[in-house]
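Chains as they are written, first to last, in the numbering used here: chain Y, 872 to 1197; chain V, 70 to 471.
By construction, these hints were calculated from the structure, which means they are not laboratory data.
All values derive from a computational prediction rather than experimental measurement.
There may be inaccurate statements among the hints.
With beta-carbon atoms standing in for the labels, derived distance ranges [to be verified]:
id, chain 1, residue 1, chain 2, residue 2, range
1, Y, Arg1196, V, Asp247, 35 to 45 Å
2, Y, Lys971, V, Glu249, 36 to 46 Å
3, Y, Gly978, V, Asp247, 26 to 36 Å
4, V, Gly96, Y, Pro1173, 44 to 54 Å
5, Y, Met1175, V, Glu118, 58 to 68 Å
6, Y, Ala1145, V, Glu249, 20 to 30 Å
7, Y, Ala1071, V, Gln252, 27 to 37 Å
8, Y, Arg1196, V, Gln252, 27 to 37 Å
9, Y, Arg1196, V, Arg188, 21 to 31 Å
10, V, Leu264, Y, Lys971, 57 to 67 Å
11, Y, Asp1188, V, Asp247, 39 to 49 Å
12, V, Ile404, Y, Ala1145, 42 to 52 Å
13, V, Glu201, Y, Ser876, 48 to 58 Å
Below, simulated BS3-like cross-link-like pairs (lysine-lysine); rule was C-alpha separation at most 30 Å, straight line [claimed, not checked]:
id, chain 1, residue 1, chain 2, residue 2
14, V, Lys190, Y, Lys1165
15, V, Lys190, Y, Lys1122
16, V, Lys90, V, Lys258
17, V, Lys300, V, Lys359
18, V, Lys326, V, Lys359
19, V, Lys93, V, Lys258
20, Y, Lys1123, V, Lys190
21, V, Lys300, V, Lys461
22, V, Lys423, V, Lys300
Which residues of chain Y face chain V? A few of them, derived with a C-beta cut under 7 Å, are [to be verified]:
id, residue
23, Asn1125
24, Phe1152
25, Asp1153
26, Trp1154
27, Leu1155
28, Asp1156
29, Gly1195
Glycine residues also receive a C-beta, built at the ideal position from the N, C-alpha and C atoms.
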Amino acid sequence: MPELSFREAVRDALSRAMRQDDDVFIMGEDIAEMGGSMGVTLGMLEEFGPERVRNTPISEMALAGAAIGAAMQGMRPVAEIMYEDFLTLATEQIVNQAAKHRYMSGGQVTVPVTFRTQGGAGWSPGAQHAQQLEAWFVHIPGLKVVFPSTPTDVRGLLWSSIYDDNPVVFFEHRTLYGLKEEVPEELEPIPLGQARVHRAGEDVTVIATGRLVHEALAAAEGAEQEGLSVEVVDPRTLQPLDEDALISSVKKTNRCVVAHEAVTRMGFGAEIAAIVQYGAFDWLDAPIERVGSKFTPLPFAPIMEDWVVPDAGDVLDAVRRTVGRT
Amino acid sequence: MATEVRLPRLGQGMESGTIVKWLKSEGDQVEKGEPLYELDTDKVTQEVEADASGVLLKIAVPEGEVEVGRTIGVIGEQGETVEVSAEPAAPAPEPQRAERAAPPEPAATPIRESSGNGRIKASPLARRIARERGIELSAVAGTGPEGRVVAEDVERATAPSVPQPAAPTPTPLPVSQDVEVVQLNSMRKTIARRLTEAWEAPVFQLGITVDMVRALQVRQRLVEIHGDGAKPTISDLLTKVCAAALMRNRAVNALYKGDAVELWPTANIGIAVAVPNGLVVPVIQSCERKTIAEIAAVRADLVERARGGSLRQGDLDGGTFTISNLGMFGIERFIAVLNPPQTAILAVGSTEEKPVVVDGEVVVRPRLELTLTCDHRAIDGATGARFLGDVKTFIEEPGLAL
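Could you build all of it, start to finish, from the sequences and the hints given here?
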């Protein structure tokens, strides 16, 4: 089995789709010669040519709109938004146009576009280049939202996103690009809306997304030293959400921690907490704990960034609280 | 000197009550006569007043069902140390309840710290397990954060050592999501228990149809005269008429007490009142001495308070006979279930225009059907028939009730 980094896994999914299907193409700021700001599309210009690997002007609104238009005409574009923070500039197109046309046309038009973007803290990017904005987009009916955490998952989920007939906002975490993993020779598509249990456990369920999946796995190791068995579940797709998997895990462990890098307040974890308390109310033995960033713009100073953003230690503390050890 | 607050016996036959919530927290100053806690009994939910002044030193039972006489709290002076005796204060023995299993020994389980407002802190899972196994949460010591009772605590707590007679199997039924499960509240449990008891009585029914022409005229006059107060209804007139008939047929104004029948000197007539979550039967005392207008005033007050949930225990005690009227729903006749230990209950239908033969002619008259249910252990057919015949006579010729 080949070993791929997260970055290479993204590139692999894009390339395989483009080899198989002429309707698939990629566009974005500096994605051609430069290979994108994170080097994800490096080398693709050589293979597919400038017609299908398109540099765009520095206007997220324009490039998102062009991608949506192409999708409505029958293409399957993958548009890269260089930083998650810049999604705010394309929001009109994504929220008001992409998410609405299939509904408003009574199903006559589909918008099979994928917006890839990356973000996340951990490298001192400051307040404007590392936000985690997934909660903005899961709130919009008509959009699918995916947030993979491993090379295998990102490859299989990106494939399914490209071939989904609905607009998908696809989040990648900057610090995961170097993460390596053996992946199957053949790309195995992963259906949208299926959670993954990374580690089975008996005492506490940690539901984590993105980078926090790995922090949660580290916390689970720590908890094991203390005699606590932690189950780590990654929803992978935030919209649609595999509610049954989350609820059945909590029904088994009776305790739940929700962890993401985005700020806790009004975050995606709040929705998970609501779903879990409703679906597993009579199984809960402790309040659901939430782990996320403190409610502040991300500080530039590394020591402050470290203090604001959650890590394995924060997840472990939350796990301990659910079993009454503080 | 500390005064123990014990669960009072608020009415005949009361064996236990459920503390809904405390209206005072530990450490609060309490004046004698001030409402101290809310108690849900078989019949009503009411506020119970403190019978001593001082500081509420201890809430021994924050919520849940408690037998009469058990210490539920302590009032004393600030700083006084208290010990709560777990034994109930020798409750008066109830012979007809002798077969009931002894309550679980409360001394075996620690009394947990109250959270202050009387609510027990427990996780949803702990509550579910306790519910399924019949464990009283108030008797479980919580070890979770801030004394919260968690599942492990309930698992540790032993279920009552004395097996509950006929305890239902705790196996959860497979319930589909569409099924709404409504737990019985204390009132519904009482209704279920008492009516099941009633079902054991060998009963028979007697039916009679009465002409309402005169009764409607009398009622009309009463409304004209007493229009400013509670408007007398046909039900009030029936209550008065039944009281008169009961006084002439004392055997029907009776309570069946196993080896004896008590014949009561006053007609204390219970009126079945539908309330949002069940049924209550407040009692109008000594109806034989009251005018119809007086009965109407008492009835209006009782019905209003029954619907508002503010009946007191005294409102429900001492009934010797019950009237259940479903006429307002258009029901023409029905059979009421006995209200033990009373020996008879009258089911009243709706007044309907009916063709009847009067002096060889078919004419239309307002008619009312009455059905009397009698406990055959105390009342024989002829006795019941004479009573019901008197009721008919008095309705048709109210003057004869004088």
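- [ ] Could you tell me which of the numbered hints above are not met by this structure, giving the numbers in increasing order?
- [x] none
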